[in-house]
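Asker: First to last, the sequence lines map onto chains A and B.
According to numbering that gives the first Met the number 0, the first sequence is numbered sequentially starting from 0.
According to numbering that gives the first Met the number 0, the second sequence is numbered sequentially starting from 0.
Hints are not guaranteed to be accurate.
What the hints assert, rightly or not - Here are the computed lysine-lysine pairs in the PhoX-like style, where the Cα-Cα straight-line distance is at most 25 Å:
#, chain 1, residue 1, chain 2, residue 2
1, A, K28, B, K25
2, B, K25, A, K6
3, B, K40, A, K138
4, A, K55, B, K17
5, A, K6, B, K14
6, A, K143, A, K124
7, A, K124, B, K33
8, B, K25, A, K143
9, B, K33, A, K138
10, A, K84, A, K145
11, B, K40, A, K143
12, A, K143, B, K33
13, B, K14, A, K143
14, B, K40, A, K145
15, A, K69, B, K14
16, B, K14, A, K84
17, A, K69, A, K6
18, B, K37, A, K143
19, A, K138, A, K69
20, A, K28, B, K17
21, B, K14, A, K28
22, A, K6, B, K21
23, B, K14, A, K55
24, A, K6, B, K17
These are computed hints drawn from the structure, not numbers from a lab.
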Amino acid sequence: MKYQRYKYSAENELMYYEFYSVGPKGHIKKVIEFSETNVEDVYNLAFGDYDEITGKISDRVVTNNGDSLKVLSTVASSVYAFTSKRPEAWVFATGSTSVRTRLYRMGLTNNLAEISEDFHVYGLKEDQWEDFFIGEDYKAFLVKRK
Amino acid sequence: MEPKDLNKKKTPIVKIDKELEKHRGKVLFPEKLKRANKILKRVGLPNV
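The task is simple: from the sequences and hints, build the whole structure.
Answerer: Take a look at the structure:
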């Protein structure tokens with residue numbers, strides 16, 4: 000990845016990760032999760048903030064810690080880690096809001112040349128998957144190792 | 000390994016933390032998973 004990323008920890012199956020975002024708002028714990036979907040070999044990717052006071056996790060909170068590119072690069076890195084253990088896996092992702100979905104798109108766009116070397120990348124448009132193109136609007140994303 | 004070298008590696012070196020095993024299998028983002036299942040049921044997967 001051409002952007003810096005945070006170091007993270009994971010459990011042994013590489014389905015759950017934690018790292019800290021560091022910025023003007025302080026140290027904010029983030030979690031990344033890959034969940035099995037109802038379709039074999041397809042996993043849902045989600046990430047969000049862990050509230051250390053309430054113990055709750057939110058994928059809707061806007062952290063504003065000035066490091067969104069670094070956070071996205073960290074999440075992208077976890078996809079590399081996850082699929083290195085499960086090369087047959089498809090990884091599905093969509094934002095919890097349209098702003099978040101655009102953020103995902105930005106992460107893919109910024110790293111597309113590199114990601115495309117290793118992954119098939121698809122975007123969901125009008126209920127059809129198509130090859131991901133920079134500048135297009137998509138509802139969801141899907142990647143699979145080449 | 001220096002952090003700058005770590006950042007250049009595509010497949011990252013992952014620190015395994017046994018404390019995190021307790022989170023495995025729990026669905027922390029159920030709404031998103033529900034949405035993913037709904038979309039996948041409707042549109043399926045692309046042909047590779």
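Asker: State for each hint whether it applies.
Answerer: A quick look at each hint next to the structure:
1. This hinted pair checks out: K28/A and K25/B have alpha carbons roughly 18 Å apart, not beyond 25 Å.
2. A C-alpha spacing of about 23 Å is found between K25/B and K6/A, which places the hinted pair at or below 25 Å, so the restraint holds.
3. A hinted pair counts as satisfied when its Cα atoms are at most 25 Å apart, and K40/B with K138/A qualifies at roughly 15 Å.
4. Pair hint K55/A plus K17/B holds up; C-alpha atoms about 21 Å apart against a cutoff of 25 Å.
5. For the proposed pair K6/A and K14/B, the alpha carbon gap of about 8 Å is at most 25 Å, so the pair holds.
6. Distance hint between K143/A and K124/A is fulfilled; the C-alpha atoms sit about 18 Å from each other, no more than 25 Å.
7. At most 25 Å may separate the alpha-carbon atoms for a hinted pair to count; K124/A and K33/B meet this at roughly 19 Å.
8. Using a Cα cut-off of 25 Å, the hinted pair K25/B and K143/A holds, with the two alpha carbons roughly 23 Å apart.
9. A distance of roughly 15 Å separates the Cα atoms of K33/B and K138/A; the hinted pair therefore holds under the 25 Å criterion.
10. Under the criterion of a C-alpha separation no larger than 25 Å, the hint pairing K84/A with K145/A is consistent with the structure, at around 14 Å.
11. For the suggested pair K40/B and K143/A, the alpha carbons sit about 18 Å apart, so the restraint of at most 25 Å is met.
12. Among the hinted pairs, K143/A with K33/B is consistent with the structure: their alpha-carbon atoms are about 21 Å apart, no more than 25 Å.
13. This hinted pair checks out: K14/B and K143/A have alpha carbons roughly 24 Å apart, not beyond 25 Å.
14. Proximity of K40/B to K145/A is assessed by CA-CA distance (about 24 Å); at most 25 Å being required, the pair is judged to hold.
15. Under the criterion of a C-alpha separation no larger than 25 Å, the hint pairing K69/A with K14/B is consistent with the structure, at around 18 Å.
16. Distance restraint check for K14/B and K84/A: the Cα-Cα separation of roughly 14 Å lies within the 25 Å cut-off, and the hinted pair is therefore satisfied.
17. Taking the CA atoms of K69/A and K6/A, the gap is about 11 Å. The hint holds against a cut of 25 Å.
18. The suggested pairing of K37/B with K143/A holds, with an alpha-carbon distance near 20 Å, which does not exceed 25 Å.
19. Proximity of K138/A to K69/A is assessed by CA-CA distance (about 23 Å); at most 25 Å being required, the pair is judged to hold.
20. Pair hint K28/A plus K17/B holds up; C-alpha atoms about 18 Å apart against a cutoff of 25 Å.
21. Pair hint K14/B plus K28/A holds up; C-alpha atoms about 16 Å apart against a cutoff of 25 Å.
22. With a CA separation close to 20 Å, the supplied pair K6/A and K21/B stays within the 25 Å bound.
23. As the CA atoms of K14/B and K55/A are separated by approximately 24 Å, the hinted pair is consistent with the 25 Å bound.
24. Restraint check for K6/A and K17/B: the C-alpha separation of about 16 Å stays at or below 25 Å, so the hint holds.
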